[in-house]
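Protein chains: 4
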Amino acid sequence: MIDTSVIEAENAKRVRDLETDYVALGEKLDRRGIDIRAITERAKGFGVAIPSWGTGTGGTRFARFPGEGEPANIFDKLDDCGVIHTLTRAAPNVSLHIPWDKADPEDLKAKAAQYGLSFDAVNSNTFQDQPDQEKSYKFGSLTHTDAATRAQAVEHNLECIEIGDKLGSKALTVWIGDGANFPGQTHMGRQFDRYLASMKEIYKGLPDDWRLFSEHKIYEPAFYSTVVQDWGTSLLTAQELGKKAMCLVDLGHHAPNVNIEMIVSRLIHAGKLGGFHFNDSKYGDDDLDSGTIDPYRLFLVWNELVDAEGTPGLDLAHMIDQSHNVTDPIESLMVSTMEIQRAYLQASLVDREALAGYQSDNDALMASATLRAAFRTDVDAILAKARLEDGGSIDPVKTYRVSGYRAVVADQRPKVSGAGGGIV
Amino acid sequence: MIDTSVIEAENAKRVRDLETDYVALGEKLDRRGIDIRAITERAKGFGVAIPSWGTGTGGTRFARFPGEGEPANIFDKLDDCGVIHTLTRAAPNVSLHIPWDKADPEDLKAKAAQYGLSFDAVNSNTFQDQPDQEKSYKFGSLTHTDAATRAQAVEHNLECIEIGDKLGSKALTVWIGDGANFPGQTHMGRQFDRYLASMKEIYKGLPDDWRLFSEHKIYEPAFYSTVVQDWGTSLLTAQELGKKAMCLVDLGHHAPNVNIEMIVSRLIHAGKLGGFHFNDSKYGDDDLDSGTIDPYRLFLVWNELVDAEGTPGLDLAHMIDQSHNVTDPIESLMVSTMEIQRAYLQASLVDREALAGYQSDNDALMASATLRAAFRTDVDAILAKARLEDGGSIDPVKTYRVSGYRAVVADQRPKVSGAGGGIV
Amino acid sequence: MIDTSVIEAENAKRVRDLETDYVALGEKLDRRGIDIRAITERAKGFGVAIPSWGTGTGGTRFARFPGEGEPANIFDKLDDCGVIHTLTRAAPNVSLHIPWDKADPEDLKAKAAQYGLSFDAVNSNTFQDQPDQEKSYKFGSLTHTDAATRAQAVEHNLECIEIGDKLGSKALTVWIGDGANFPGQTHMGRQFDRYLASMKEIYKGLPDDWRLFSEHKIYEPAFYSTVVQDWGTSLLTAQELGKKAMCLVDLGHHAPNVNIEMIVSRLIHAGKLGGFHFNDSKYGDDDLDSGTIDPYRLFLVWNELVDAEGTPGLDLAHMIDQSHNVTDPIESLMVSTMEIQRAYLQASLVDREALAGYQSDNDALMASATLRAAFRTDVDAILAKARLEDGGSIDPVKTYRVSGYRAVVADQRPKVSGAGGGIV
Amino acid sequence: MIDTSVIEAENAKRVRDLETDYVALGEKLDRRGIDIRAITERAKGFGVAIPSWGTGTGGTRFARFPGEGEPANIFDKLDDCGVIHTLTRAAPNVSLHIPWDKADPEDLKAKAAQYGLSFDAVNSNTFQDQPDQEKSYKFGSLTHTDAATRAQAVEHNLECIEIGDKLGSKALTVWIGDGANFPGQTHMGRQFDRYLASMKEIYKGLPDDWRLFSEHKIYEPAFYSTVVQDWGTSLLTAQELGKKAMCLVDLGHHAPNVNIEMIVSRLIHAGKLGGFHFNDSKYGDDDLDSGTIDPYRLFLVWNELVDAEGTPGLDLAHMIDQSHNVTDPIESLMVSTMEIQRAYLQASLVDREALAGYQSDNDALMASATLRAAFRTDVDAILAKARLEDGGSIDPVKTYRVSGYRAVVADQRPKVSGAGGGIV
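Protein chains in written order, with my numbering: chain A, 26 to 449; chain B, 26 to 449; chain C, 26 to 449; chain D, 26 to 449.
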C-alpha cells in the first residue's frame, strides 16, 4: 500500500502552486459564469471502474514483454487497484474477468473493502479455452453450431452472474469472439439466431436489478465477420432480449472514421446505452491509454453524455479497458482515470445555453468554437484539488514513483515468464 | 433507338461461339448437379432499375467533363434507358429523381411504354436548392431547425409520392444530405428527433401498397456527421415509422472495411431490408461501375440475397446508383446491369446443401472454397443466352457502338456546357 | 475594410481580462521555466498563407449553397484576405490559383500592398477545363496519353511561374487530378513516366530561387488510382526532379488512420519537406477548418516541425487549404489561422530536454504526458496579446461581426447563383 | 509422406473430366488467340515459398486454439511443406524463421532434399525475446535507444545470413516490430536514424549475391507509430542501403483503402521491388488465406507483375505469409498456393495489346472490361493439368484428406497445449 505520509509529503511540495492555479482558474471560469466549486464537486463525484486484467502487462499476438512485479492473482490485482484509487480517488470500482479472477467471494470482498473498492460489471470469457474445459470455443461459443458447446458457454455466463451477485455486482458484460475468418465459414443469419437464443438463456438468469451489457466489435479475433459487429447488431440484441439488456460501447471497436459520439447519441435515443469501455486507438482495437491519441474525440463522447444527464433511465457504467504493453499498468490506469475525468469536466464546462442558440441559428462557427472553448480549458487544477480534498495525491504518478510500490511488489510477487510469441 | 437489324446482324457473328460455350458450360454444370436451363431462366427473370440521372455524365466537386449527346431532359433519359433495356433485356425499370425529372405523367408513361419500361422507386431531392425554392436547404431539410423549412421538405416528398403514384411507382426513396460539418454545429439527438418527426409526416402520406426506403450514408455532403449515418440509424428509423418503412443499402455508403453482406444479413433478420443501390467503390462514395473494383464483394452480397429467397416479406428493389465521369453512361449502365446479373447468377450456383454441411462441421476451408467455386464459374454464356432468347444482344457494348446511337443523339441534343468546377 | 476604431473599441472591452489571464499564464509558464515573452514573440513572428479560393463559399458534388457577399474576383478576394490579416495579424500571405485569379500583376500588387499582403506559392489548375481551352483534361493533364494535351498543361504551369514571378512568389504548387476510375483505365507505370517527363519540363522553367511543390492525394477526383497518390510517389518525384523540388503535405490527403506526423518526420529526414496545406478532416479530403476535428493531430504535426527547427535547408511554406460550405469564409479563415498558430505555440511549449530524457529511458508514460502537458496549455492569452501588440484584434470574430463588413460587401458585390448540383 | 498410389488413385477419378474441361477451355482460349499449352507451361514454371511458421496453427492476442498433429520442430514443418509441394507442385521453396527454425544446416538440407525443396529468404526475429537473450526488445531492437541492444539485434541478423548461406538462401527479410504506442514515446527522426545505422551494419554482412528485403507495415505490434510504416519509408531505406537492398510488400500491411497494385507499380519504377508476402485481409494484418477476401485485388497485383515481366533487374521472391487459426494449415497453404498461381495465370491471359490500345484511346470501359475478361476466365483446368503433368494431384485437398496424413502425424507428434490467452 501507498503510505499516507508519502502522499502528504508529496502533496506538500505542490499544494501552494495548486492553490494559485486554482484561484486563477476560478476567476477565469467566474467570468464565464461558471462556479469552480460546482465543477470541483462534479470531479469528486466521478468514478470509473478499473479492469482487473488491466493491472497486468498486456501483449500482442507477436509477443508479450512482462513487467516488474506483475500481479499473480486477483488479490494482487486488487492491491494494484487499491493503489490507483488511493492516489486518484476516482477509481472506486473494479471489473472482474471470470474465470481469471475466480476466488472465494468473501475473500474478494474483504480485500476490496480494504481499499474502499466495489465490484462493477462482471465479464465472462468464452473467447479462450480453459484447461479443464470440455468443449472447445475454437469455432464459437454462444453461437457454436454444436448445442452442447453453446450450453457450456451459457452455463459459464450464468456462473458469472452467480459470482457477481455474491460480490455486489449489478451487471454482466458479454463480449464474444465468435465470428468467421472466411466468407462462407458460417451462415451469418443462423449464427445470429443461435446467438440470440443463447443470450436469452443468459438473460433468464439475470436477477431483477441486474443489467446485461452487449458489447459490439467490428473485428478481432475473427477477421472476416464478427457476430456482434457494430452497434446496429448490438441494438437488435438488446431490443430482442428485453429492458434489462443494454449496449456497451468500447471506443476502440469501430470501423475507421466512424463517428462514435453519434452512436452514443443514437443509443441514448433508443434508450439502450448501458456503458463504456474507455481506451484510445489509432488503427484497430489498439487498447491504448484513454485520451492519448485523440483527446478531442473523448471530449466529444463526454459532451454527449453530459448533455444527456437527467435523461430518464440513463444510468451508465464507466469502465476502462486497455492493454498496457510498454508502461507500468498502474501508472497508465491512473493517468487514464484522470484523462477520462478531465474530459468529463471539460464537457461540464460547455456553455449549453449559448450552444443551443448557435445551433438554432445555424451559426456553425460559433457552435464549434463553443465546444472547443470548453475543451481547451485547462482543468488540471480542479482535478488535483478534487483529489487533494478527498485525500488523494496532487500528482499521482510522481507520488507512486516516490513510494517505491513497484519495487516492493516486484520483490514479493513471483517472476512471470516472457510468455506469448510464436502466434504469428 | 437501336434497330433490330443491327442487333440481329451483330448476334449472328457471335451466336455459334455462344452455343459452343453454352453447351460446354452446361455439361460442366451438369456434373455439379446444376441444370443450365434453370439458371438461364433465372437470368431471364432478373431485372434492375436504371437511375434516370445516371444517363448523364457525372462529375466531382472539382469538375464535370461533359460527354457527347448528353440527355437534356427526362425524355432523352428514357430514350437512353430504352437502349439499355433493349440490348440487355435486364433493365426494365427506371428510377426517377424529382424535381429533375418532373414532366407530364402521361407523357412519361407513354415514352416508357415505347421501350417496355416501368417506373421503380421515386427519389426526392432536398440536398440542393431549386431555383424557385422559398427556403434554403443549406443547413438541412427534413431536420432543419426551422419548422417551415422542414415543412417544405416534407411537402416535396409528398409531391414525389403523388407523382410516383401516377406513374405506377410503389416506393419512395429518401436520402438526405443533412448533417453537420463541425462538432457542435447541430445537436445530434434533437436533429434526429426532427428527422423522425418529418419522416412520420411523409409516412402518413404513403399509399397502402407503397413502401418508404430509408437510405443511410456515412458522410458526404456533410463531413462531420450525417443524420442517417449507418444501418443502425436507418433501422431505428424504419422501426419507428412502421411496417411500410424499410432500409435501403447503397454499397458505397459505409465506413472503410465494413462487412456489407453482414449488414444485409442483419437487415433480413430484422425484416427491414427493402432494396439496394448498386455501384462499386474503393475509397468513399465513389459511385463507380458495379463489379469493377471488388466483384467478390458484390457476389457475397448476392449470396446473402439468394440464400434468403423465400423469406416471408422479403421483396427487394434493385437499383443502380452510379456516377459515370469518364465513360459513356449508356455503356457503363449496360455493363453494370450485366455485372449485377452475373453476381446474382454466380450466387445461384452455390451448392447450398454442401455449404450448410461444411458450416455445420466447421469445415471453414471447404465452406469458403464452395463459395469461390460458384464465384469463379464463368456464366458469360448463360447471360448472353438469356439476352439472346429475350431478343437482346449477345454483346451489348459492341452492338451499341456499331449502332452509332451516341453520334446520332449528339447531333440531335443540345451541347451541354462544361459546368461544375470552382467548388473546391 | 475594417476600421481601426472598431478594432480599438472592441479591444478596449477585453484588454483588462486579457492582461489578467496573460499574467496568470506567465506565472504558470515561469514555473515550467518558460518565458511568456519569448513565446509571445514567436506568436508575432508566425504567418500563414490564405488561399484566395477559400474566401468564396465552397461546395460538394451535390450542391453549393452560396453565401452573402461572396467575392466576385481576385480583388474582392484580396479585400477579404486583408480583413483576415488586419484582424489576426497572422495571415500576411495569399496563395493564388491560376487561371481563377488572373489579373494585371501591378494591380494585384497594389491591392495586396494596401493590406500589407504578399504572394505565396502559386497554384496551377489542370483539373478543370477552362472555357477557352483547346484540349480537355477529362482524361488527364500532365499525364494525358496525348502529347499535345500534356504540352498544354505544361505550358499552363510555365505561365503560372511567369505570373507568380511578377508578383514576388517563390514557389509553384502542382496538384493534379490525373488518375483513373477503373483498374486498367491507365497503365500506371507509363502514366507516371509521362508525369515525370511533364514535371521535368516545368522544372526547367523554374527560376533559380523558386521551388516546385509536389502535392500528393490518395483519391478524388480520381476514384480508383491517383498518379501522385501518397508521399512515396511525391518523394520519388521530388528526387527525380532535383533539389528545387519539394513535397507538400495536405493534412486531408491520406488514407484512413495514417500517421501524418510520421510522414512529416520522414520527409524532413529525406530533405524534401517543402510545405503544408492545413485543414482538418474526418473521412476523406473534407477540407474542414483546421483544428476542429482532431486538434491533437495538428499539434503533433507542429511538434515535429518545431522539433526540426534549425535543420539545414528546412524552409516551410504554410498554407491553408479549406472549403467553407456552411460558415462565413472570412470567419473560418481567421479561426483557422489562429488554430494553426495555437498548435504552433503549444508545440513550442514542449519541454524538449525532459522529453528527450524520457525517450532515452523508454519512459513512454512520461514522454506521452510531456506532449499532452504542452498541448493542454491554454495559450489563448498569448495569441490575443500578440495580435493586440501588432495592432490586431483580441477577438477577431466578434470584432468582424461588429464591423458589419459582410453586410457591406453583400451590398456591393453581385449576387452569385446557387450553381453546382446535378453532379451526382 | 503422401503415397504416390493415393495421388494416382485420386487422380484417376478426375482425369476424364479434367481432359474434357481442358479441351473446352483450350478452344475458348484459342478463339482469343491464346495457346493453352503456353499458359500451362507458365503454370508449371510457377513456384511460391511456404513460410515454415505457417504450418503450425496461428492465433490472436486473445487465444490460440491448437490443431491436431501440429509440427513440433522444423523437421516436422519441412515434412508438412513436403506434402504441400508433393500435391501442388507449386511450392518448391521454404522460408525459415530464425531462431524458431534453428537446426543443423546439413540435416535441414537433407530433409528438404527429400521433397525437392529449397530454401528461400531467411527471416530474422527481433520482435520477441528469446529465453536466453541478454537484452530485451520490449522497447525496440534495431532502433533501440540502447546501443548494446541494437548491436544484439544486428548480430542476430548477421547470424541469420550465416545460417541462410549454408542452406542456399539468397536473401534476408527484415521485419521489425519497433515503433511506439504513444505520441512522444520515441523521437521518430532519431529512431529512424538508428534503424538505418543498424541496417547498414547488417547490409555490410550481406554476401555479394544476396539481397536484403525491407518489409513495411502500418501498425501492430506497435499501435501509434511503426518505424517502417509504409513503402515510402521502405524505399528510403532501400535507397540509403544500396543496390542489394529491396522492398518487400506484404499485402496485409497497408492502411485501409490503399491501392496496393499502385505501390507495386511505383516500386518497379524505382527499381526497388524485391518480393511479396502473400495473404488476404479485410481489416488489418488479418493474415487470411490468399484470394479468399478480395481475389480481384490479388489479380490486379499480378497484373502489374506480369506486365512488368522482362523489366531489367526485376527478380521477385514470392512468399506466403498467413496465419491459419481455424483450418488445417496444410490445406490452407495448398489452397493459397493454387490461388496465387491462379491469379498469376489469369493475369497472363490479359490481352495486353488490346489493353494498351484502349488505354491510349482513353476507352476506360473497354480497358476495364479487358482486365475483367481475363480475371473471370476459369483456369482451374490449366492448374490441375499442370499439377497432373508434374506428378501432383488434380485435387490436392481431397487427396490430402484421403491420405490420412493429419491423423498419422497427430499420432506421432506431441500434443501442443492451448497456449496463448491472457494477452488482452
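If you're looking for bench data, these hints aren't it; they were derived computationally from the structure.
Treat the hints with care, as some may be off.
Since the list gives no way to pick out one identical chain from another, each pair is judged satisfied if it fits inside one copy or across any two copies.
To be verified - Straight-line distance between alpha carbons at most 25 Å, and here's what the computed DMTMM-like set of lysine to aspartate or glutamate pairs gives:
1. 38 to 180
2. 440 to 334
3. 195 to 420
4. 269 to 378
5. 69 to 403
6. 160 to 436
7. 69 to 187
8. 163 to 95
9. 423 to 184
10. 225 to 415
11. 191 to 104
12. 38 to 403
13. 163 to 386
14. 38 to 52
15. 423 to 376
16. 163 to 245
17. 440 to 218
18. 229 to 28
19. 69 to 132
20. 423 to 403
21. 195 to 334
22. 440 to 340
23. 191 to 376
24. 195 to 184
25. 127 to 60
26. 127 to 104
Going down the list of hints, with the structure as the test:
With identical chains, the CA atoms of residue 38 and residue 180 are never at most 25 Å apart, being 54 Å at best within one copy and 48 Å at best between copies. Taking the shortest Cα distances, residue 440 and residue 334 never come within 25 Å of each other, neither inside one copy (46 Å) nor across copies (45 Å). Taking CA atoms no more than 25 Å apart as the test, residue 195 paired with residue 420 passes in neither setting, with 32 Å inside one copy and 50 Å between copies. Taking identical chains as interchangeable, the C-alpha atoms of residue 269 and residue 378 are never at most 25 Å apart, the minima being 33 Å within one chain and 39 Å between chains.
Taking the shortest Cα distances, residue 69 and residue 403 sit within 25 Å of each other both inside one copy (17 Å) and across copies (23 Å). For the identical chains of this complex, residue 160 and residue 436 are inter-copy neighbours only, at 21 Å across copies versus 39 Å inside a copy, given an alpha-carbon limit of 25 Å. In this homomeric assembly, residue 69 and residue 187 never come within 25 Å of each other (Cα to Cα): the closest approach is 32 Å inside a single copy and 59 Å across copies. Taking the shortest Cα distances, residue 163 and residue 95 sit within 25 Å of each other only across copies (15 Å), while inside one copy they are farther apart (29 Å).
Taking the shortest Cα distances, residue 423 and residue 184 never come within 25 Å of each other, neither inside one copy (41 Å) nor across copies (43 Å). With identical chains, the CA atoms of residue 225 and residue 415 are never at most 25 Å apart, being 43 Å at best within one copy and 51 Å at best between copies. In this homomeric assembly, residue 191 and residue 104 come within 25 Å of each other (Cα to Cα) only inside a single copy, at 20 Å, whereas the closest approach across copies is 53 Å. Taking identical chains as interchangeable, the C-alpha atoms of residue 38 and residue 403 lie at most 25 Å apart whether they share a chain (21 Å) or sit on different chains (24 Å).
Only between protomers do residue 163 and residue 386 lie at most 25 Å apart by alpha-carbon distance; the minimum there is 12 Å, versus 55 Å within a single protomer. Taking CA atoms no more than 25 Å apart as the test, residue 38 paired with residue 52 passes in both settings, with 24 Å inside one copy and 17 Å between copies. When the C-alpha separation of residue 423 and residue 376 is checked against a cutoff of 25 Å, the pair qualifies only between copies, where the shortest distance is 17 Å, while the shortest distance within a copy is 34 Å. In this homomeric assembly, residue 163 and residue 245 come within 25 Å of each other (Cα to Cα) both inside a single copy, at 14 Å, and across copies, at 23 Å.
For the identical chains of this complex, residue 440 and residue 218 are neighbours neither inside a copy (45 Å) nor across copies (35 Å), given an alpha-carbon limit of 25 Å. Neither within a single protomer nor between protomers do residue 229 and residue 28 lie at most 25 Å apart by alpha-carbon distance, with minima of 46 Å and 55 Å respectively. Taking identical chains as interchangeable, the C-alpha atoms of residue 69 and residue 132 are never at most 25 Å apart, the minima being 29 Å within one chain and 63 Å between chains. Proximity of residue 423 to residue 403 under the C-alpha cut-off of 25 Å is found in both arrangements, the shortest distances being 20 Å within a copy and 23 Å between copies.
Proximity of residue 195 and residue 334 under a CA criterion of 25 Å is satisfied intra-copy only: 21 Å inside one chain copy versus 43 Å between copies. Proximity of residue 440 and residue 340 under a CA criterion of 25 Å is satisfied in neither setting, with 41 Å inside one chain copy and 48 Å between copies. Taking the shortest Cα distances, residue 191 and residue 376 never come within 25 Å of each other, neither inside one copy (43 Å) nor across copies (50 Å). In this homomeric assembly, residue 195 and residue 184 come within 25 Å of each other (Cα to Cα) only inside a single copy, at 14 Å, whereas the closest approach across copies is 52 Å.
In the homo-oligomer, the alpha carbons of residue 127 and residue 60 never lie at most 25 Å apart, since the shortest distance is 45 Å inside one protomer and 55 Å across protomers. In this assembly of identical chains, the alpha carbons of residue 127 and residue 104 lie at most 25 Å apart only when taken from the same copy (16 Å versus 43 Å across copies).
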